[in-house]
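Participant: Sequence:
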Amino acid sequence: MRFEFVSLSLVGAGFALAVLTPLPGRAEMAPGVNLRAGSGLIEMPSALPQPDGRISVSVSQAGGVLRNAVSFQITPRLQAGFRYTGFRLPQNAAGIEGGYGPGAKYFDRAFDLSYLLVRQGRWWPAVSLGLRDFAGTGMDGAEYLVASHRLSPRLTVTAGLGWGQMGSRSPLFSTGERLAERSSVTGGTPNIRQWFRGPAAPFAGIEWQVSPRLGLKAEWSSDAYRELSGDQRLFPARSPMNFGADYRLTENMTLGAYALYGSRLGVSLQMGLNPRLRGATGLRGGAPLPLSHRPDPVADPAAWSDAWTEQGSARAVRAIAPAVQRALAEEGLRAMALSVSGPVLRIRVRNLRYHSGGQAIGRAARALSRSLPSSVEYFDLVPDERGLDLSVIRLRRSDLEALDHQPDQTGRLWQQLRLSEAVPAAAPPMTEFSPAKRLSWAIAPYFRYSLFDPDSPFRFDTGLRLRGQWHFARGLSLAGAIEGRLAGTMGRETRSSNSVLPHVRTDDYLRNRRDLRLRDLYLSWYMRPGPELYGHITAGWLERGYGGVSAELLWKPVNSRLALGAEVYHLRQRSFSGFADFGRLRAKGGHLSAYYELPKGYLAQLDLGRYLAGDYGATLTLEREFASGWRVGAFATLSNVSRQAFGEGSFDKGIRVTLPLNWVAGLPTRRKISTTVRMLQRDGGQRPEVPGRLYETVRGWHADRLGRERGLLWR
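First residue of the sequence shown? That's 1165 in our numbering, and the numbers climb one at a time after it.
Source of the hints: derived by calculation from the structure; they are not laboratory data. Each residue gets a CB set at the ideal place from its N, CA and C atoms; glycine is no exception. Each hint should be verified, as a subset may be incorrect.
The calculated DSS-like cross-link candidates involving lysine-lysine, where the alpha carbons are at most 25 Å apart (straight line), are [to be verified]: (1) Lys1817 - Lys1752; (2) Lys1601 - Lys1836; (3) Lys1836 - Lys1817; (4) Lys1764 - Lys1836.
Beta-carbon label-pair distances, calculated as ranges [to be verified]: (5) Ala1566 - Leu1516: 21 to 31 Å; (6) Leu1825 - Ala1730: 28 to 38 Å; (7) Val1282 - Leu1336: 47 to 57 Å; (8) Lys1752 - Ala1809: 15 to 25 Å; (9) Ala1809 - Ser1741: 21 to 31 Å; (10) Arg1677 - Trp1372: 54 to 64 Å.
Turn these sequences into a full structure, and let the hints steer you where they fit.
Facilitator: In structure tokens form, the structure reads like this:
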């Protein structure tokens, strides 16, 4: 094995071992997965879905074929998968379509989908419909209809019909002529006209769970491996029978060994986690202080006196501010401003510690109950993010006291909580506190990677990043970062772009050749132009590739699932070799955006406008957000660039994953890791990566998000 093949396996194995293994703390009964990470036997699929939200990873080596695959149970019925396959053709092979001759390395990306049509009943099996490689090169393209029945907790049988590659061995009948496969050069576009066409062949299998750790499998495969057997001499499929054994190493990690097609042996490492479940450590950190109950007003009328407010809000604030600031600081919250009007305390709060806004609300309420006079009946919390007032959360102190230690206190408190718009310049004006420090900075390691380069499917850089921020005034700051590379391989990339569009992204690899570089340096101003409106202007070196000016406006009512936005930008591409220089390419454009929070944590976003290369089109993003803070989604962009002009992949698409670090460590923190994986970086459909966009800044303190986090109000 050469480095490129070894590194390909490390992508999957490293991700699984470093990220997946330590996290899940609760095991769940999940059907087996096949070598493509989808529900199945060994090579063939099954009809049994994975638990809702589960992510499965499989790294396998079978003969000369290496697969890295991941699947995600998007809904209880819909499962999606992605895999990256690599192999080298033998020197005596005939070669395959696309110019791959003897000894050539071949890498293939593929997407899979399956949908549960019928759930298993007492007398009937589960039935699923599936597509393999429906938007890739089509080399492994197939469709299937499969039924599975769990006869007992230990025994499951499966049978089905396959078309395409899964209809290539001993077909029973044909459903018509199968049309030409997709182009192996561009790929990326589903060819619906060929689905479920051509010869249909049967497949079947059985799974037996011998013990809690050991499982045995056997299957009759309908895939003859036409592309890799015969003259290719890589994967001769002499027999339709496959046999395997799976051994569960941990609750969420399984090692498998297989005898395949009478000619090859295979091994796999399979992992699984579910973002719907808490991590291995659960939620740790300091317990909240108990709610402080006020004395009886009849027994202690002096404690309820409001005389301290009679000399005006400013003096009242000075009287209570030190105690309030200390109490909130102990809970990881910062008091930014205060006002007092009769029995109402209005306080602007910044959450420094908790991933969940609901948990921050509960901690703030307890802290205020312990630091305020008894005459204060209402707490109006105004969450602050980046200098923006995002909402007003009113808590009635008597409700908190009445619900303390009561059954279903969380649900009842959420019903009595009042959420409203934070109207700019609301009266009475709040007394602002001077920031504890205007300059903040940190030095931390960074890790950057690139995937799917045929010369080396996995490259990386690692080093140190110095980041700082100076706060001039509320909502106005200067931020930047300098990166110094210590080690890595991304600077070795030499594959030049063949794009016929302006090279807005495909030449980015040239930037990796410099060890010290200004990552970004920009002036950022957040504002509230009016009720339900939010604004953001950014100017400077905005990202690694571009500098210039960007302006954004967002309309987002507090209690609405819908938000609308607009963004315009005028940018210049940064130099590939200089520290902070600019190149010649200029880009201007913008987008109109619509955001909608669907039920059950699903998020949809549609962006319409002009992209960096001057093309016009639309980007659709669908994500699922879990109460744990995980987000998993995908996006696709279609523009007026033709498939041929776009090049390989046909259109821009990719996967986004966000992992909250509190889920890993179990400690309260707002930090998270976000990554975007594109199937192939091209120039069509590309937007600038403007830091701190408004929608994600705003929505965390609005009704839909807080409603899904209400379970943490008393944590």
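Participant: Now tell me, hint by hint, if it's right for this structure.
Facilitator: Hints, one by one, checked against the model:
1. Lys1817 - Lys1752: Given pair lysine 1817, lysine 1752 holds - Cα atoms ~22 Å apart, limit 25 Å.
2. Lys1601 - Lys1836: With a Cα-Cα distance of about 24 Å, the restraint between lysine 1601 and lysine 1836 holds, given a limit of 25 Å.
3. Lys1836 - Lys1817: holds (23 Å)
4. Lys1764 - Lys1836: Distance of about 22 Å is within 25 Å: holds.
5. Ala1566 - Leu1516: 21 to 31 Å: holds (30 Å)
6. Leu1825 - Ala1730: 28 to 38 Å: holds (33 Å)
7. Val1282 - Leu1336: 47 to 57 Å: Violated, at about 22 Å.
8. Lys1752 - Ala1809: 15 to 25 Å: holds (20 Å)
9. Ala1809 - Ser1741: 21 to 31 Å: Holds, at about 28 Å.
10. Arg1677 - Trp1372: 54 to 64 Å: holds (55 Å)
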